[in-house]
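**Student:** Protein sequence lines, in the order shown, are assigned to chains A, B and C. Each residue of the first sequence is one higher than the one before, starting from 1 at the first, in my numbering. Each residue of the second sequence is one higher than the one before, starting from 257 at the first, in my numbering. Each residue of the third sequence is one higher than the one before, starting from 894 at the first, in my numbering.
Quick caveat, the hints were computed from the structure, so don't treat them as lab data. Note that the coordinates shown come from a computational prediction; the quantities given were computed from them, not determined experimentally. It is possible that part of the hints are untrue.
Not everything, but these chain C residues come out facing chain A in the computed CB check (under 7 Å) [said to hold, decoys possible]:
id	residue
1	THR903
2	ASN977
3	ALA980
4	VAL983
5	TYR985
6	SER995
7	GLY1104
8	LEU1114
9	THR1117
10	GLY1118
Heads up, the beta-carbon is just placed ideally off N, CA and C, and yes, glycines get one too.
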Amino acid sequence: MAENQGSMTINLKVWRQAGPKQPGQMKSYVAEDVSPDMSFLEMLDVVNESLIKRGEDPIAFDHDCREGICGSCGMMINGIAHGPDPGTTVCQLHMRRYKDGDTIIIEPWRARAFPVIKDLVVDRSAFDRIIAAGGYISVNTGSAPDANAIPVPRDNAERAMDSAACISCGACAAQCKNASAALFTSAKMNQLSLLPQGQAERSDRARRMVLQMDHEGFGNCSNEGECEAVCPKEISMSNIAVMNREYEKAALQKKS
Amino acid sequence: MKLDSKIPAGPVAEKWEHHKFNLKLVNPANKRKYTIICVGTGLAGASASASLAELGYNVLTFCIHDSPRRAHSIAAQGGINAAKNYANDGDSVYRLFYDTVKGGDYRAREANVYRLAQVSNNIIDQCVAQGVPFAREYGGQLTNRSFGGAQVSRTFYARGQTGQQLLLGAYGALMRQVDAGTVKLFPRREMLDLVLVDGQARGITIRNLITGELESYAADAVLLCTGGYGNVYFLSTNAGNSNVTAAWRAHKKGAFFANPCFTQIHPTCIPVSGEHQSKLTLMSESLRNDGRVWVPKAKGDNRPASQIPEAERDYFLERRYPAFGNLVPRDVASRAAKAVCDEGRGVGTTGLAVYLDFAEAIKRLGEDTIRARYGNLFQMYEKITDENPYQTPMRIYPAVHYTMGGLWVDYNLMSTIPGLYVLGEANFSDHGANRLGASALMQGLADGYFVIPYTIGDYLATAKFAKVSTDHEAFKASAVEEQAKINKLLSIKGSRTVLEFHRDLGHIMWEKVGMGRTEAGLKEALQQIPRLRQEFWENVTVPGPADNLNPNLERAGRVADFLEFAELLTLDALNRRESCGGHFREESQTPEGEAQRDDENFSYVAAWEYTGDFAKPTLHQEPLVFEEVHPSQRSYK
Amino acid sequence: MAKGAKIFSTAVGKKVAMALTGLGLCIYLVLHLAGNLLLLTGSTQFNAYAHTLTAIPILPLIELGLLAIFLIHIYEAIKVSLENRNARPVGYQTKVWARTKSQKSVKSVSSTTMMWSGIIILVFVALHVWHFKYGKFYAVQPANVAVGTANTGVATSSTNPQEAQEQVRDLAYLVISEFKKPLIVALYVASMIVLGMHLFHAFSSAFQSLGVSNPRYRSILLRTGQIFTIVIAGGFAFLPVWVYLMFPTPPPRNIAGPDNGMAVVPLTHPRLTHTRLSQSHVLRGGHQ
Ligand SMILES: Cc1cc2nc3c(=O)[nH]c(=O)nc-3n(C[C@H](O)[C@H](O)[C@H](O)COP(=O)(O)OP(=O)(O)OC[C@H]3O[C@@H](n4cnc5c(N)ncnc54)[C@H](O)[C@@H]3O)c2cc1C
Ligand code: HEM
Ligand code: FES
Chain A
1 MAENQGSMTI NLKVWRQAGP KQPGQMKSYV AEDVSPDMSF LEMLDVVNES
51 LIKRGEDPIA FDHDCREGIC GSCGMMINGI AHGPDPGTTV CQLHMRRYKD
101 GDTIIIEPWR ARAFPVIKDL VVDRSAFDRI IAAGGYISVN TGSAPDANAI
151 PVPRDNAERA MDSAACISCG ACAAQCKNAS AALFTSAKMN QLSLLPQGQA
201 ERSDRARRMV LQMDHEGFGN CSNEGECEAV CPKEISMSNI AVMNREYEKA
251 ALQKKS
Chain B
257 MKLDSKIPAG PVAEKWEHHK FNLKLVNPAN KRKYTIICVG TGLAGASASA
307 SLAELGYNVL TFCIHDSPRR AHSIAAQGGI NAAKNYANDG DSVYRLFYDT
357 VKGGDYRARE ANVYRLAQVS NNIIDQCVAQ GVPFAREYGG QLTNRSFGGA
407 QVSRTFYARG QTGQQLLLGA YGALMRQVDA GTVKLFPRRE MLDLVLVDGQ
457 ARGITIRNLI TGELESYAAD AVLLCTGGYG NVYFLSTNAG NSNVTAAWRA
507 HKKGAFFANP CFTQIHPTCI PVSGEHQSKL TLMSESLRND GRVWVPKAKG
557 DNRPASQIPE AERDYFLERR YPAFGNLVPR DVASRAAKAV CDEGRGVGTT
607 GLAVYLDFAE AIKRLGEDTI RARYGNLFQM YEKITDENPY QTPMRIYPAV
657 HYTMGGLWVD YNLMSTIPGL YVLGEANFSD HGANRLGASA LMQGLADGYF
707 VIPYTIGDYL ATAKFAKVST DHEAFKASAV EEQAKINKLL SIKGSRTVLE
757 FHRDLGHIMW EKVGMGRTEA GLKEALQQIP RLRQEFWENV TVPGPADNLN
807 PNLERAGRVA DFLEFAELLT LDALNRRESC GGHFREESQT PEGEAQRDDE
857 NFSYVAAWEY TGDFAKPTLH QEPLVFEEVH PSQRSYK
Chain C
894 MAKGAKIFST AVGKKVAMAL TGLGLCIYLV LHLAGNLLLL TGSTQFNAYA
944 HTLTAIPILP LIELGLLAIF LIHIYEAIKV SLENRNARPV GYQTKVWART
994 KSQKSVKSVS STTMMWSGII ILVFVALHVW HFKYGKFYAV QPANVAVGTA
1044 NTGVATSSTN PQEAQEQVRD LAYLVISEFK KPLIVALYVA SMIVLGMHLF
1094 HAFSSAFQSL GVSNPRYRSI LLRTGQIFTI VIAGGFAFLP VWVYLMFPTP
1144 PPRNIAGPDN GMAVVPLTHP RLTHTRLSQS HVLRGGHQ
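All chains should be modelled from the sequences, with the hints used to inform the complete structure.
**Tutor:** So, in structure tokens, the structure goes:
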């Protein structure tokens, strides 16, 4: 049982940047009285409370559900997206991972397509635009047939679910040396191409999503799999292979 | 003002059909002349925005999050109900309707619940067509699981991420419309005020969270799909951004707030580990199928669980409710856990937890079976607590989870302000005093996909609209007022943080307006809340800029609203001198300590009107009429 | 055609182009290695193979194709790398490989140095072509090509003009004599290590880019890539080392001649080269 086994002092180096256009810099803070049971974000809460008390601007970071599902949180912790635990978002990372006196370096996601808004908060709307370019099945409300009219092999449904588990946190692109959005884009593409409902728009979807991904300024995929390694939902880079295949098929198809 | 619920006449099974036929339509070519504002992109907001845009309306959609997909609906785990009867186990629209009315402890409107049950099947069809990867049988057909409060298997699910998958389906539909240009999306925007012109909802004032600027948007109708207010308790299973602000500001502009005291406390959450705690994590209800709940028999027994012999354990749910045992409904289980902790028999360092023990199930079924059933939950538990639940029992404690109360709406989902519609958890409509598991997702999508597209047309086709743009006085006045509030927050420069005030408020609410409510406690809370509110406005400190992203300032505004709203919630709890569902007045219990409803005096919806004085809202009663299901006392012995 | 170009212009398309060209080069490497290893069976076989190859009428076309593939690969490599760099204008102050967190990453020294290994390969290839293809020209009689002097690796040269008409290049002699120089051997071995580094990541990566990878076979693919790398890079590196250690040193050849080493001969064209053979045993080639 690791209940409040003493408290720790943690040294932080955090990227502070007042706004999108302002220059930023690393600043040092000391987090005192850190309990091992705290989540990483709760530790930041403590730091922020003390900043607020001193009348300083607290460190801005995105967060919401704090249970690893909304995809809001995300930062580079000691040079690795979402920190050291596999399959874990920052909000699920706990301070018992660290020792008294540790130094932790915290930086925002870095990518041309993810401009910094403030401190650790970046603009990830590029992901929304990639989805808008075809990450859905076009079916108007009310026009659906009975749910069981379209059987889906269980294995396909399960694999579609594996891909659909993406929380759009951006860690994949943040960790990738090329800031590529291939894992994100491919996960959605693969989910839909595994399902019979997704067939009609398959090639259009592949073409448009890939184009949008490029348009947003993400890099190319070097197939290193750093994305998969940091993905809190452990989405496989095999999805990327599927995307490539989908795209090739689409490109080879005749289209006006 | 007389409340008109606009419930159609006729047999309950035909009401919706008749009503749909009687609603006026907007002709297809005219739809694009109407602009509709939708605030919120959870299940309710995303589904409504997409569906209305598909019909041809111009839709402006707003959310606090950086992406519409992050709305709190994403966190729902368990599943969504529908009366498909694929399991062939005797389910029907009527049975789903019946279970939901009963589960709500007879404090919901029959007509609404019936409609909900009717459209539940269309929801599943719609979601499947969108590519939601629901769990399936080997034959490729959809599969179901069981949930509390029902004797049939009617819950559709996508692993432990049903809310996520449903929301992503709706979000996809929404983004498709964004792509088509029919929806304009405004993320990172917070609604601060509703703007009325000639008594109609004609727009909103929002704060652009990135630039800090106030912006005005005009429309012909406004939909609030802004979720629940569970965070009034500070600690809840809700996400950090969940708030009452939009609903509360609309309330202050004339929308009645209904049954705010109906809050649901979920029995199985990971307990608080210390002062630093920022939120609570739900452990699915399904765990109670195999886990046994117990505490030591002796007070202050702080031996590790493994060293407490069988004879010195109190399996209090099994003892008190032999028939249902560990599977009593949420409200009953929560109260029982609180009672043993109040007796000083709670476990863990805080003493605010009970054991949920799988040892027996593991012995009986083997660790592998348990792992297959609950593996992901056990893992999540271990991640948070650093304890291995295969070896030591889980520690759980009840936590605020859902709010049944919300803005009052009629059968068309329109509030008491013409043109203001309220959907999803933000309204009060379908769950009465207690929500059954897997029915909130159903309601959010029902409202957005299958109700509002019909009912809004009637209003647009029949109401008279003055030509209104954001140049109108009302928009300017609203913006000036909101800016003044923000400036005030920034200028106080006191010595306590927003978080501290929020925590204090949560403490009052949890202690006095939580699981067990007494007249004395509620009255105390009614003393404390205004005092805290006053202190807030005198002593809060909100550093940081107004013209830039400032999450702390956002939170300050929300806590300020919670501090006002909490008083209404408490007043409602005080007013309702009966126990029903999640609302337990200790004065009103059976000799065995169970909730005692008072149908004679309280079979009504309490709809509160803002009067300008937080202490004196006006109560309007909408009587509840039960033609189909006859209220009876719930018993789980 | 415009459409074809567009296909390859996206993030996926560019990598498909790289993968196709890269794999094309891999195929070439396999053939090239197989040919090289013929040397182990004897100079005659080796020379015969070289001769047969040079006798293919469309060889220049094939070589041009190969060059094109190579250039496309390099072009895409540069483009992709520049874009990748551009995709993160502000870098991290601290960055750690995700391998430290999960074994799912296949990032390696190899994958992070693709451009460097590529450039070294490029330089090596240029040197290599200059060294052997356009290198010293020792001649050998066709008879010897057929009969061979087996493992001595020594071919005779003839001054008889009649015979000279039929003389062909004694590549085996050149290779063996060069690989008796320790510096050359070291250079070749080092280059092959670099090639191996390129291939270590490249082989499986190409299949991933082409989309033929799949979760079930992914580990097999990775393994195959490793084996391929070892076989190819190892095979190429093996030859010089083996020659250096195991082959007897060939006797020095007379390389005197009037236009020693300066003859302007399109060496890819055997019939043209024949005319000069009687005058010189050794021609040092160059472009025009
Ligand atoms: C942990 C958990 C598990 C659950 N599990 C289940 C389950 O298994 N089954 C089930 O049926 N139900 C479940 N529920 C309940 C269910 O998830 C919610 O009731 C439902 O999703 C609410 O949906 P909504 O669309 O009304 O609101 P939300 O999803 O909360 O969306 C609110 C939206 O409004 C926006 N918003 C809020 N305020 C403002 C403002 N002022 N300005 C602008 N935008 C604003 C937000 O950005 C967001 O987009 C669960 C709830 C929780 C907390
Ligand atoms: C024998 C010669 C070569 C072979 C067999 C070869 C093969 C390959 C293959 C198969 C790939 C994988 C493509 C993919 O990921 O889809 C690759 C990648 C690469 N090659 Fe080569 N290559 C050769 C020469 C070169 C040269 C000369 C350069 C550059 C000057 C180069 C630069 C690169 C780079 C930078 C990559 C990685 C691209 C990325 O990161 O995505 N290669 N090579
Ligand atoms: S805050 Fe939601 S995933 Fe971390």
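**Student:** Hints first: check each against the structure and report whether it holds.
**Tutor:** How the hints compare with the structure:
Restraint check, C/THR903 versus chain A: the minimum CB separation of about 5 Å is within 7 Å; hint holds. At about 4 Å, the closest approach between the beta carbon of C/ASN977 and any beta carbon in chain A falls short of 7 Å, and the interface hint on this residue holds. Against a cut-off of 7 Å between C-beta atoms, the interface hint on C/ALA980 holds, since the closest Cβ of chain A lies about 3 Å away. Interface restraint check for C/VAL983: the shortest CB-CB distance to chain A comes to about 6 Å, inside 7 Å, so the restraint holds.
Here the hint on C/TYR985 is kept, as its CB sits about 6 Å from the closest CB of chain A, short of 7 Å. A hinted interface residue such as C/SER995 counts as satisfied when its beta carbon comes closer than 7 Å to some beta carbon of chain A; here the least separation is about 4 Å, so the hint holds. At a threshold of 7 Å, the smallest CB-CB gap from C/GLY1104 to chain A is about 3 Å, leaving the interface hint in force. The interface hint given for C/LEU1114 is broken, as the beta carbon of that residue sits about 10 Å from the closest beta carbon of chain A, more than 7 Å.
Checking C/THR1117 against chain A by beta carbon gives a least distance of about 15 Å; that is not within 7 Å, so the hint is violated. At about 11 Å, the closest approach between the beta carbon of C/GLY1118 and any beta carbon in chain A exceeds 7 Å, and the interface hint on this residue is violated.
Taken one by one, the earlier hints fail for this structure at numbers 8, 9, 10, listed in ascending order.
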